[in-house]
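So the chains spell out like this:
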Amino acid sequence: MKDIALHILDVVNNSISAKATFIEITIDEQIDANIYELNIIDNGRGMSPEVVQRVTDPFYTTRTTRKVGMGIPLLKQNAEHTGGTLIITSEEGKGTNIKVTFEYNNIDRPPNGDLAGVLTILITGNAEVDFLYTHIIRDRTVVIDTREIKEALEGVSIDNPQIIRYLSEMFEENINEILNN
Amino acid sequence: MAKVKSLADLRKMKEDLQSKVHLREKGDNYENLVQVKVGMGTSGIASGAKEVFNFFVDELEKRSIEGVVTQTGDMGYNFAEPTIEVTIPGKEPIVFGNVDMKKADQIIESYIKNGELVEGILPENYDKIDNK
Numbered sequence: 001m002k003d004i005a006l007h008i009l010d011v012v013n014n015s016i017s018a019k020a021t022f023i024e025i026t027i028d029e030q031i032d033a034n035i036y037e038l039n040i041i042d043n044g045r046g047m048s049p050e051v052v053q054r055v056t057d058p059f060y061t062t063r064t065t066r067k068v069g070m071g072i073p074l075l076k077q078n079a080e081h082t083g084g085t086l087i088i089t090s091e092e093g094k095g096t097n098i099k100v101t102f103e104y105n106n107i108d109r110p111p112n113g114d115l116a117g118v119l120t121i122l123i124t125g126n127a128e129v130d131f132l133y134t135h136i137i138r139d140r141t142v143v144i145d146t147r148e149i150k151e152a153l154e155g156v157s158i159d160n161p162q163i164i165r166y167l168s169e170m171f172e173e174n175i176n177e178i179l180n181n
Numbered sequence: 182m183a184k185v186k187s188l189a190d191l192r193k194m195k196e197d198l199q200s201k202v203h204l205r206e207k208g209d210n211y212e213n214l215v216q217v218k219v220g221m222g223t224s225g226i227a228s229g230a231k232e233v234f235n236f237f238v239d240e241l242e243k244r245s246i247e248g249v250v251t252q253t254g255d256m257g258y259n260f261a262e263p264t265i266e267v268t269i270p271g272k273e274p275i276v277f278g279n280v281d282m283k284k285a286d287q288i289i290e291s292y293i294k295n296g297e298l299v300e301g302i303l304p305e306n307y308d309k310i311d312n313k
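Chains as they are written, first to last, in the working numbering: chain A, 1 to 181; chain B, 182 to 313.
Don't take each hint at face value.
Unchecked claim - Computed footprint of chain A on chain B, listed as stretches where at least three residues anywhere in the stretch have a Cβ under 8 angstroms from a Cβ of chain A:
(1) 226-233
(2) 246-256
To be verified - Here are some of the chain B residues that sit facing chain A, going by a computed Cβ distance under 10 angstroms:
(3) 190
(4) 194
(5) 287
(6) 290
To be verified - With beta-carbon atoms standing in for the labels, derived distance ranges:
(7) B:302 <-> A:94: 28 to 36 angstroms
(8) A:85 <-> B:299: 28 to 36 angstroms
(9) A:162 <-> B:253: 21 to 29 angstroms
What the hints contain is simulated information worked out from the structure, not anything from laboratory work.
Positions of the beta carbon are idealized from the N, C-alpha and C atoms, including for glycine.
Isolated chain A (complex conformation) (with noise of 0.2 angstroms):
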């Protein structure tokens, strides 16, 4: 993965799998502890304990298509180039907690990337799914909440293209304002 913003689009894809309702996405730009930390928790149908301790190894996986899973490995590979960690919680029926840490000035820290453009897939892709997306940089923070968005609508759907269309212009212009500061 080149970027954070495909690894989230990889793995909220399996809190999706795991039938979650609600998934929130933060992340949290500490510059001058020289952290960057991931933070993805999601009210999934969660994982017991053994498998908690397998899911980082690239051969096991959910899918009965394939023997392979590489979503987690390759995002544990991306945080330990670093020097950071990436730390699983999670308890059946309840949901799922995955915490990425990464060391901010490190020049294995993936960049951003496209973090508009993911969410928009994932929200207007997945409208029965409410996201709340918090990006905090210092004391700057913008929160996208899809909750808030869909109340907005009053009943028309997320995934009309118009919508997405001015959806993603609008995720682009929020984070971009925070990025850019």
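Dock chain B against chain A, hints included.
Using the frame of chain A, we list chain B on its own:
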């Protein structure tokens, strides 16, 4: 912090949309639309499936083709990512492999518009080995 685009604008736009007669409800008439499914498993994403997805969303609209673009999981053709499945109304679905922007453009122009097949079809598609 003045946001250029906000939820208030979104509400306004929604009203504009609702006032138009032509508001296609998704899921109503899937059979009559061109369907493009983009395989977005780990290997698909790593090979550029996201760009291909966006390309189809933009280009189908630009070229006035009524269609839906959806994401799907891994299709099992990891040697030929990004992989897409195209269904033209009334025809069997066809899976194309190694789809980059150039191939995507070809698929729209030749297959979706004119029904001519283009190279890159995964021949294993729906064909069991004992049928060969």
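Each hint tested on the structure:
no.	hint	verdict
1	226-233	holds (count 3)
2	246-256	holds (count 4)
3	190	holds (8 angstroms)
4	194	holds (6 angstroms)
5	287	violated (23 angstroms)
6	290	violated (21 angstroms)
7	B:302 <-> A:94: 28 to 36 angstroms	violated (44 angstroms)
8	A:85 <-> B:299: 28 to 36 angstroms	violated (46 angstroms)
9	A:162 <-> B:253: 21 to 29 angstroms	holds (24 angstroms)
Figure legend: structure checked against the earlier numbered hints; hints not met, in rising order: 5, 6, 7, 8.
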